[in-house]
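Visitor: Place chain B on chain A using the hints.
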Amino acid sequence: MKKSPIYSSRTKLFLFLYILLIPLLHQKLVAGVTFDPPQTTITGTVTDMDGLPLGGVNVVLESTNQGAISDMDGTYRIEAGPNGTLVFSIVGFKSLNVPIEGRNVIDVQLEEDVTQLGEVVLNAGYYTVSEKERTGNISTIKADIIEKQPVANPLAAMQGQLSGVNIAQTTGLPGGGFNIEVRGRNFINGATDPLFIVDGVPFGSQSLGASRVSGQIIGGSISPLNAINPNDIESIEVLKDADATAIYGSRGANGVVLITTKKGRAGKTRFDAHLSTTLGKVSRFLDLMDTEQYLEVRREGITNDGYGDLLEDPGFDFFWPDVKLWDNNRYTDWQKELIGGTSYRNNAQLSVSGGNDLTQFLISGSYQKETTVFPGDSNYQKANLRSNINHQSENARFKINLSIGYTNENNKMPTVDFTSKAYSLEPNAPRIYDDEGNINWENNTWDNPLASLEETYKSTSNTLISNALVSYEVTSNLEFRSNMGFTDYRLDSYRAMPSSARNPGLGVTPQNYSHLITNASQRVSWIVEPQLNWRKDWNGVALDLLVGTTFQEETMEQLVQRGLGFPNNGLLENLAAAENLQVFSDTDGKYKYNALFGRINVNLLNRYILNLTGRRDGSSRFGPGKQFGNFGAVGLAWIFSKERLFSEGSLLSFGKLRASYGSTGSDNIGDYRFLDTYQVSGNNYNGVTVLEPTGIYNPRFSWEENNKLEAALELGFFKDRLLVNTSWYRNRSSNQLVGIPLAATTGFAELTGNFDAVVENTGLEVDLRTVNIQSKGFNWSTTLNLTVPKSKLVAFDGLKNSTFANRYSIGQPLTIVKLYHALGVDPETGAYTFEDYNGDGDINRAEDRQWIEDLAPKFYGGFGNSLSLGNLTMDVLFQFKKQKAYNTLRFDATPGYKGNTPAELYNRWEEPGDVKPIQRASGGLAGGEDLGSLQEDSNASISDASFVRLRNISLTYKVPSMRPGLDMKVYLQGQNLWTLTNYEGPDPEQPSSTRLPPLRQITLGVQISF
Amino acid sequence: MKHSEYINTLDVALLRSLLKPYPTLKKSCLLISAILVMGCADFVEVQPPKNTLVSETVFNDAATVESALANLYYDMREQGMVSGAFGLTTAMGIYSDELDYYGFSADYVQLFQHNVLPGNGAVLEWWRQAYHLIYGANDIIKGVDGTDGLTTVEKNSFKGQALFIRAYLHSLLVSVFGDVPYVETTDYLKTNTVVRTDVDEVNDLIIADLEAALVLLEGTAPVSDERIYPDQNVVKALLARMHLYIGYWEEAAAMATELIDDFPLESDLNQVFLKGSQETIWQLKADNESPKNTREAEQLIIQSVPGQTYALTNDLLNAFEADDLRRDQWVNGISDMDNTVTYYYAHKYKAGINENEALEYSILFRSAEQMLIRAEARIRLGDIVGAQSDLNAIRNRAGLANTMASTQNEILDAIINERRFELFTEQGHRWFDLKRLGKADEILGQFKPNWKATDVRLPIPESELDTNPNLLPQNPGY
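So the sequence lines, in the order shown, correspond to chains A and B.
Following the numbering used here, the numbering of the first sequence begins with 1 at its first residue and continues without gaps.
Following the numbering used here, the numbering of the second sequence begins with 10001 at its first residue and continues without gaps.
Pulled out of the complex, with its shape left as it was, chain A reads as follows (with noise of 0.2 angstroms):
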């Protein structure tokens, strides 16, 4: 007899839940009952060593539920017989347990907690941890560090303040987007996202941008989490090895980062107003050419080019209008003018929090404004409106908390990036406006880049994430919570092209031109988490058990229109008045998930703590049979500094080794990649609609898995005044997904399978942190973190024959770039050379870039200082990175060409003789001898762009309480005040020709809360 799969598991499930309930009963037949002596109410202030009062803190009585909370002028009421013993705690305070011995008044001082781990408790998304007993690897970064950085998306708050963690921004335009990276790139495929969770709903983190409407403004990337206040924001953690972010099972690979956003607290009514300004401008301009120096190498390329003659004919002068029709005299900064402007965020935001010790709230609404550095008007608005309720029954059994928060953002840009014009106009382009302040076409003979301000992109974001969380404590040791989610983000944009913005010479009409480009996307999903927690405390043993399970699903619908020909320019907004629509693409995606998770927790003597998460998945993103996976991870501690081998008074008050090993997944691979499939295409063929051929089926396509493992060590010294956190890992992701490139005779470029290969990312991270003084009327504390990262690719079968044969090589990390070795100007011919590795004696064929560079960081980190005097703060932070990046030869390596160059080109080779840098000067006529694209493509294009940046200083003054209860605080920040570096590019932070590099910033605010 056989026995059915289901029978077994529920066996299974019997035995579980037998092993979970057994101890349940033990104690309902120990509880005895008591009689509790008559309740008196007392009262009294909370306040800090300097008199000052304490809101906030957690008045609970021993022993039972019964609890209150200071209210803020530091006052308290709570009922408790006269026998009982009164705990006061809040974070960064030493708790106290203060005896009632039959008073009825109980004013308490609380002595601020120089131990710096204190009790400070960590989200680690299903369940949260102290620092002091955690097992796995968590970064956190709070609202006090937050709240101190004048920036509008929460990734940029966290840049150079976690180690393991690698943020760049991709463009100093508002609303744009930043690349993450945690732990370096663990898949060939791409994707380095981690996962996002806002108040434990997973936040879709890809933007739903169409390239079609804002490729060449923001890069295509919208970052989603834009729409997060980061002054909402009361925590972020960073979830970084096997022993955190195994429970996360298939998404957990890349990393994890969760969000917890701020919650009311118990006390009066409190009104928290924040009011700041913030002005911003590029912080580095490239040295281009001037009017004379570019019309001499201009003239000297064509000439060189063997059409000198032509130059002088009149009748070519249509040809090269910059040297013969345009005012040779004229000069224009156009890094001024396009990119020089001052941009300016006004930022004003009110909330409202308060309750009691049952009910407590936070509303909060804010808006900003933000403009650009470009001319004209455009500005990102943003508005957002955030709720957050908490209640818990009277016996504290049944809470909930409910979190909504809603954000509608509106972006209104050129549809270009002017970046790339500043950096390559010609320095005697004609002006912008004629005398009649119209645009000038100077005769039809150029671009004019500022009439693109006639073009509109315009892109508005609704975001709705809200969440509920529901628990209920059956019994004091066991509890059901469920956490429900529900996210649902709208992007509406649109990009208008009308005909008066191109060149009337053109003869481009309304009719024949003007065209509007939308991009309506959604991205809605829902959770269910119901999960069971089971604790209990013996003599010395801590027992802690969690299973749960999620259902998660996610539609997206996009769908991207073109409407051509319209009437008049008047109507380009209005898709209704195109006389033909064209559809680009109407997508759906839907994409289900289901897990199973657990964790065991044992914490032995709260000495010897072990931690077994696991989790199993199951995605609609793979074929049949391949749609489940199962990963976990085991994490060790041990609390040393609680033998007995360290008394009380050694310098080393806290030690701890840690170690952890497990598996995770991706699954960020896109939806229906296993199946054959004919795509809309959007064409037709004689009206009827074309169906095109988008996939091979292929059912072998699964998980790419990821294997951490870690090891850490974890010392505090002097009270915890010194705390050193070193940790060392090493990820392994195999089974990668990758197309693998097939022959064309196929019928496709390649088929997305896992492939068998290998990819290492090994590094060793440093956090410190000391409270260097600590006095009455002085504070001074440091932190450092540093990260030295180390990637390489292990294993790759068949590399030699695949699509990345000329980009990866085995050994080395996937973040290299091969390249020509550049071996400078030929003195005699004025040409670039290089290194000819195949010796075919030609210079063109993959095997002669055989140079190596790696463009990922050797180490990077951040040091920040904060000090505070009196009612005076300072923080500073600096970042670091010591890395290669390209240079602006990578995007022009020939002089001549029409389109201003950096200076650097003019020191250019120009007779048999001339030992010189640059190649001699080519207008890139044909027939023209330029090698620069090669030059431009080998390992003089890369060079070092290592910097050390004061990413954010900061200055709070807290005003002298005018009376009690009203706070006020003015503050003055900076962002990217100051940069140390030898790069000459743009930006060593996002070395690129196109975007606008990220600003510096200056912001002025003021708090006031009463």
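There could be a bad hint or two in this list.
[To be verified] Over 10 angstroms on every C-beta distance to chain B, these chain A residues come out as not near it, computed from the model:
#  : residue
1  : Pro53
2  : Gln66
3  : Ser89
4  : Thr269
5  : Val352
6  : Tyr367
7  : Trp526
8  : Val602
9  : Asn707
10 : Arg769
11 : Gly839
12 : Ile852
13 : Ile953
14 : Leu955
15 : Lys958
[Stated by the list, open to error] Partial list, derived from the structure: chain B residues whose beta carbon lies under 8 angstroms from chain A:
#  : residue
16 : Val10058
17 : Thr10064
18 : Ser10067
19 : Tyr10074
20 : Val10194
21 : Asp10336
22 : Asp10338
[Said to hold, decoys possible] Below, computed lysine-lysine pairings styled on DSBU-like, alpha-carbon distance capped at 30 angstroms:
#  : chain 1 : residue 1 : chain 2 : residue 2
23 : A       : Lys858    : A       : Lys800
24 : A       : Lys969    : A       : Lys268
25 : B       : Lys10190  : A       : Lys800
26 : A       : Lys818    : A       : Lys916
27 : A       : Lys882    : A       : Lys818
28 : B       : Lys10142  : A       : Lys626
29 : B       : Lys10190  : A       : Lys626
Don't read these hints as lab results, they were simulated from the structure.
In this text, all values refer to a predicted model and were calculated from it rather than measured experimentally.
Heads up, the beta-carbon is just placed ideally off N, CA and C, and yes, glycines get one too.
Guide: This is chain B only, laid out in the frame that chain A set:
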């Protein structure tokens, strides 16, 4: 088994007694257990998205198969060798002696100057695009065979069209590259490691496919009266061409004869390339939005000087006979502002980018070619009178007197020469003629400074040799 049952009953009893005092717990436990037992497999299965169809579904419905075929016609019009911006018309025009190149594309400069590298992007695109379409055709051939959702008439029509397209694309590939794989399956495990097929065998396979298509398309009603889908006549036209190229003169003459009467030559040269031309056998309908006319006109017509990309070579212009009306009506010139320089361009298609009305489609087969095919086949067979008469039909239409050629060799040369003027800038006819007749060395050797005898074949794209080493060796000379 007994053991497990025992545990089970025991547990159920235990659980019940345990749960009694905890009604809430009971509910939540039931919820959890329900979830655990339910199994998750159903939950994580999703339907394909609305913009995607699984192959199986495509072939269950005639309308979706038509859409899959529409993809082939659309792609032929827009991409690859057949038409579009990078078709053979311009590329082989500059590779032979028809067109001069003034553009800046490095790939095209290589073609023009006869120093094509194995990594040439244009050549790679031809290869890729052709096999991508061949996959599409093969998937249709396979798909309609295995479905119950279509009538036999529908199946025959679809399969016939797909077979024709497979044959047609292979005929272009073999002309450009020499030995190429003849791909007849969609199984990527096979097509990924395929080997090259000998030219003769490719030709045989093309003819076999065409003959199969001829049978399948027998009696199928035309999908449109605009001659924009391949039907039996189109198959015959390609068969005639293939037979001529291979040297099956009788078959070539017979096939051409079957078409010539049904597709009489237009008497007015200005009518030949209009969409309603009676001599058109097959044309690709232009986009109904933009451009409303042909990609050929878009590329060949020079809008302004300077600014030209292609212009007719002086060699070709000077070779026209004095009274040739084609020199007047199929060629046009444009000068720069000072009238210092004039460039000439093919003006067969006259509806340029500024034309808002749909006047012309891209013609791939027309009966003038069939007439010349028959003339050539006849002269090879020794039929001097027949050959002269066919040749004269073409000449007379162009306003020229009857040919003076009288011997077999003279007439053959005259026919080949006539092809140059009748078929210039049409899908690389000139190049294919020079190549198949072994005249490339002699003629292009004088005309192109870099000419090498090995240039008669373009290189197999380098990246393809890397991905599938079975395609090695590379064509000689690269």
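Visitor: It remains to establish, for every hint, whether it holds in the given structure.
Guide: Now for the hints, and whether the structure bears them out:
no. : hint                     : result
1   : Pro53                    : holds, 41 angstroms
2   : Gln66                    : holds, 23 angstroms
3   : Ser89                    : holds, 30 angstroms
4   : Thr269                   : holds, 34 angstroms
5   : Val352                   : holds, 34 angstroms
6   : Tyr367                   : holds, 37 angstroms
7   : Trp526                   : holds, 13 angstroms
8   : Val602                   : holds, 22 angstroms
9   : Asn707                   : holds, 24 angstroms
10  : Arg769                   : holds, 41 angstroms
11  : Gly839                   : holds, 17 angstroms
12  : Ile852                   : holds, 20 angstroms
13  : Ile953                   : holds, 49 angstroms
14  : Leu955                   : holds, 52 angstroms
15  : Lys958                   : holds, 48 angstroms
16  : Val10058                 : holds, 5 angstroms
17  : Thr10064                 : holds, 6 angstroms
18  : Ser10067                 : holds, 4 angstroms
19  : Tyr10074                 : holds, 4 angstroms
20  : Val10194                 : holds, 5 angstroms
21  : Asp10336                 : holds, 6 angstroms
22  : Asp10338                 : holds, 5 angstroms
23  : Lys858/A with Lys800/A   : holds, 27 angstroms
24  : Lys969/A with Lys268/A   : holds, 20 angstroms
25  : Lys10190/B with Lys800/A : holds, 20 angstroms
26  : Lys818/A with Lys916/A   : holds, 25 angstroms
27  : Lys882/A with Lys818/A   : holds, 20 angstroms
28  : Lys10142/B with Lys626/A : holds, 27 angstroms
29  : Lys10190/B with Lys626/A : holds, 24 angstroms
Checked against the numbered hints above, the structure violates none of them.
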